[in-house]
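Novice: Model the placement of chain X on the given structure of chain Z, informed by the hints.
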Amino acid sequence: MKHLLSISDLSKDQAIEILDTASELARLSEGAVKKFPTLRGRTVVNLFFEDSTRTRISFEAAAKRLSADVINFAAKGSSVSKGESLKDTALTLQAMGADAVVIRHGASGAAHQLAKQEWMKGVVINAGDGTHEHPTQALLDAFTIRRHLKSNKGDLSGVKVGIIGDILHSRVARSNILLLKKLGAEVVLIAPPTLIPVGVSDWQVGVSYSLDDEIKSLDVVMALRVQKERMSDLYFPTEREYARGYGLNSERMKQMKAKSIVMHPGPMNRGLEISAESADSQRSVIVEQVANGVSVRMAVLYLLLGGATFKELASSGESM
Amino acid sequence: MSVVLNSGEISRALRRISHEILEKNHGSENLLLLGIPTRGAYLSRRIAGAISEIEKTELESGTLDITMYRDDLRLKAPRTLLPTSIPGGSIDGKDVVLIDDVFYSGRTIRAALDALNELGRPKSVQLAVLIDRGHRELPIRADFVGKNIPTAKEESVRVHLTEIDSLDEVLIEGRSQ
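For the protein sequence lines, the chains are Z and X, in the order given. Oh and the first sequence: position 240 is 240 in our numbering, straight run, nothing missing. Oh and the second sequence: position 168 is 168 in our numbering, straight run, nothing missing.
The shape of chain X in the complex, shown without the other chains:
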């Protein structure tokens, strides 16, 4: 088990992503940040906090649960539903930024796009992730990446956040030394 990002690196990465989101969208007026629970929701809240600080505004962050739209539901026991909350109530016409912790096969994001499609018609959808570990199975890419970490499929990437795990760090497990 090795640490690939420590607490300081995580907060610098999130700060950089916040700046990049602002740069690409020319400010925060039309932004809607939606974190994918569990950990994406916490990351989204942190990025919203950073953007609010930089822009001197109050940017809220929402959550988008994608459980009902997964393509692997039939392979596992039913999963508990997690909260969906859309600040302002609507995604129509917004520049939506989806936020997740680890970007892997791309299937989570495909499900998220389906979920968004049911909710309305955003102006654009962008994707921010803390870790991109490769091995995409679908033609989906991220707009904002905290860190690219090449991995083997046997390895697993664990993101720990203080909100639920007592400290901030990103680990890789199962890497042969």
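Just chain Z, with the same shape it has in the complex:
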């Protein structure tokens, strides 16, 4: 593994290795040890072309706990055309000696572009590209599910996950579907027909238009944010109608299985896709998802940067 661009680049074993590494790091971080010397001298650049709080802070915390140097590069407001600015930025980062670049970009495929062009030598980690993928979010979700439902071991076989809401615009959903299926979980997408992407039949997942039909059988209820900023077209009549059909509320939560959990990638629209009582309930693991995000991102940084990087191995003639 040289970069982390998409869940589809990972094998099942590699995915499980990331989760196992993260659980070891989480255990160590719970104890006395908060910081490791492992990435001392490595530089991690957070290159964020889109707004983000938790992902950027999470990557920053993860890198700092491994003693890496962190540079935050807020590229927002750049007026240069995308392809060109990305290249120039990459050349700048190369000149500054970045060992890893964590990139969030509004254009799908931006991370891929940065990794495949030979502009810079560092490792590229995709922190969300357009409506394409957000692999570390999927990994932290899988980690959280595994912790609650599979005793923190192995894969996710036998777990049924319902992903509810704006599948169409959601990179979180796309990465989650790929990873959950890779790990053996059953996935069902629950949304109004307008928010289900065309071609969903190729994904080999269940599709339902009714949350009330499905909620009794789910082990994991994953509500997605309604992305109001992308909602200029009429995907559903009103917010109240969406909340009535697809919002998670305490009435619906009474239907859930005894041990099932409620997840949300954040930021939440309380009262729209999830009610305040649901978000703050005993079943909700939403805050834990944020904490797990740091452990998972530490694991990704450790596995990509902790040893000799791919380039260093290639130049010394050793094989991975």
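It is worth saying that the hints were derived from the structure and are not from the lab. Do not rely on the hints blindly, as some may be mistaken.
Said to hold, decoys possible - Away from chain X, derived, C-beta distances all over 10 Å, residues of chain Z:
hint, residue
1, His3
2, Arg27
3, Lys35
4, Asp69
5, Gly109
6, Ser217
7, Arg230
8, Ser275
9, Val285
Claimed, not checked - Taking CB as the label site, the calculated pair distances span:
hint, chain 1, residue 1, chain 2, residue 2, range
10, X, Asp72, Z, Asp13, 43 to 53 Å
11, Z, Thr92, X, Asn117, 35 to 45 Å
12, X, Ser156, Z, Ser108, 46 to 56 Å
13, X, Leu167, Z, Gly199, 50 to 60 Å
14, X, Glu60, Z, Arg270, 26 to 36 Å
15, X, Asp72, Z, Gly154, 44 to 54 Å
16, X, Gly174, Z, Lys35, 38 to 48 Å
17, X, Glu60, Z, Lys153, 18 to 28 Å
18, X, Leu113, Z, Arg230, 27 to 37 Å
19, Z, Leu91, X, Asn117, 35 to 45 Å
20, X, Asp72, Z, Gln282, 44 to 54 Å
21, Z, Gly154, X, Ser166, 51 to 61 Å
22, Z, Lys35, X, Asp92, 17 to 27 Å
What the hints assert, rightly or not - DSS-like mimics (lysine-lysine), calculated; alpha carbons at most 30 Å apart, straight line:
hint, chain 1, residue 1, chain 2, residue 2
23, Z, Lys116, Z, Lys12
24, Z, Lys34, X, Lys153
25, Z, Lys2, Z, Lys64
26, Z, Lys116, X, Lys56
27, Z, Lys182, X, Lys76
28, Z, Lys35, X, Lys76
29, Z, Lys153, Z, Lys12
30, X, Lys76, Z, Lys153
31, X, Lys76, Z, Lys2
32, Z, Lys181, Z, Lys87
33, Z, Lys116, Z, Lys182
34, Z, Lys153, Z, Lys34
35, Z, Lys87, Z, Lys34
36, Z, Lys34, Z, Lys2
37, Z, Lys64, X, Lys76
38, Z, Lys121, X, Lys76
39, Z, Lys254, Z, Lys12
40, Z, Lys12, X, Lys123
Being a predicted model, the structure only gives us computed values, none of them experimental. C-beta: ideal position from N, C-alpha, C; glycine also.
Specialist: Frame of chain Z; chain X shown alone:
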């Protein structure tokens, strides 16, 4: 490939080490045994078992993963992390005995000392190894040694333990006959 310790010799060596640890520390009250995974962890468990038997107590053994503290991380592909578990949760004030299978350059133990430093402040740190093969690169020595085996650098010492390798034995590979 030649066998330098067989199963009986390994268990006698571990028994002797257990007695020596008890003698040096005047009993097992303040002892904390930490094995370095993979094989050091199994040896630590065996020594803890022997000490429990001798002293008629229940001495637990823990593990200490040193991967994050290695000085050769940059030279190889990333290694998988192994479990760290500290019985009782704290090393503060304890007489810690680190346990490993083969003692060679001393770099593993240096990393282990760094890892311990992050975990707390033990009263003392001692080192028990099954095999000391020489060629130290750092000023570190062992307190308890199963067997000293002079080796050449080209040779490699393999420790097999029943817990993962189906039998107990120590081999030397690459020795010119």
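Novice: Give a verdict on every hint.
Specialist: Structure-based check of all given hints:
no., hint, verdict
1, His3, "holds (14 Å)"
2, Arg27, "violated (7 Å)"
3, Lys35, "violated (8 Å)"
4, Asp69, "holds (16 Å)"
5, Gly109, "holds (27 Å)"
6, Ser217, "holds (35 Å)"
7, Arg230, "holds (37 Å)"
8, Ser275, "holds (39 Å)"
9, Val285, "holds (24 Å)"
10, X:Asp72 <-> Z:Asp13: 43 to 53 Å, "violated (24 Å)"
11, Z:Thr92 <-> X:Asn117: 35 to 45 Å, "holds (38 Å)"
12, X:Ser156 <-> Z:Ser108: 46 to 56 Å, "holds (50 Å)"
13, X:Leu167 <-> Z:Gly199: 50 to 60 Å, "holds (56 Å)"
14, X:Glu60 <-> Z:Arg270: 26 to 36 Å, "violated (47 Å)"
15, X:Asp72 <-> Z:Gly154: 44 to 54 Å, "violated (30 Å)"
16, X:Gly174 <-> Z:Lys35: 38 to 48 Å, "holds (40 Å)"
17, X:Glu60 <-> Z:Lys153: 18 to 28 Å, "holds (22 Å)"
18, X:Leu113 <-> Z:Arg230: 27 to 37 Å, "violated (54 Å)"
19, Z:Leu91 <-> X:Asn117: 35 to 45 Å, "holds (41 Å)"
20, X:Asp72 <-> Z:Gln282: 44 to 54 Å, "holds (46 Å)"
21, Z:Gly154 <-> X:Ser166: 51 to 61 Å, "violated (24 Å)"
22, Z:Lys35 <-> X:Asp92: 17 to 27 Å, "holds (18 Å)"
23, Z:Lys116 <-> Z:Lys12, "holds (23 Å)"
24, Z:Lys34 <-> X:Lys153, "violated (37 Å)"
25, Z:Lys2 <-> Z:Lys64, "holds (21 Å)"
26, Z:Lys116 <-> X:Lys56, "violated (64 Å)"
27, Z:Lys182 <-> X:Lys76, "holds (28 Å)"
28, Z:Lys35 <-> X:Lys76, "holds (22 Å)"
29, Z:Lys153 <-> Z:Lys12, "holds (13 Å)"
30, X:Lys76 <-> Z:Lys153, "holds (27 Å)"
31, X:Lys76 <-> Z:Lys2, "holds (14 Å)"
32, Z:Lys181 <-> Z:Lys87, "violated (34 Å)"
33, Z:Lys116 <-> Z:Lys182, "holds (25 Å)"
34, Z:Lys153 <-> Z:Lys34, "holds (23 Å)"
35, Z:Lys87 <-> Z:Lys34, "violated (36 Å)"
36, Z:Lys34 <-> Z:Lys2, "holds (27 Å)"
37, Z:Lys64 <-> X:Lys76, "holds (22 Å)"
38, Z:Lys121 <-> X:Lys76, "holds (18 Å)"
39, Z:Lys254 <-> Z:Lys12, "violated (34 Å)"
40, Z:Lys12 <-> X:Lys123, "violated (44 Å)"
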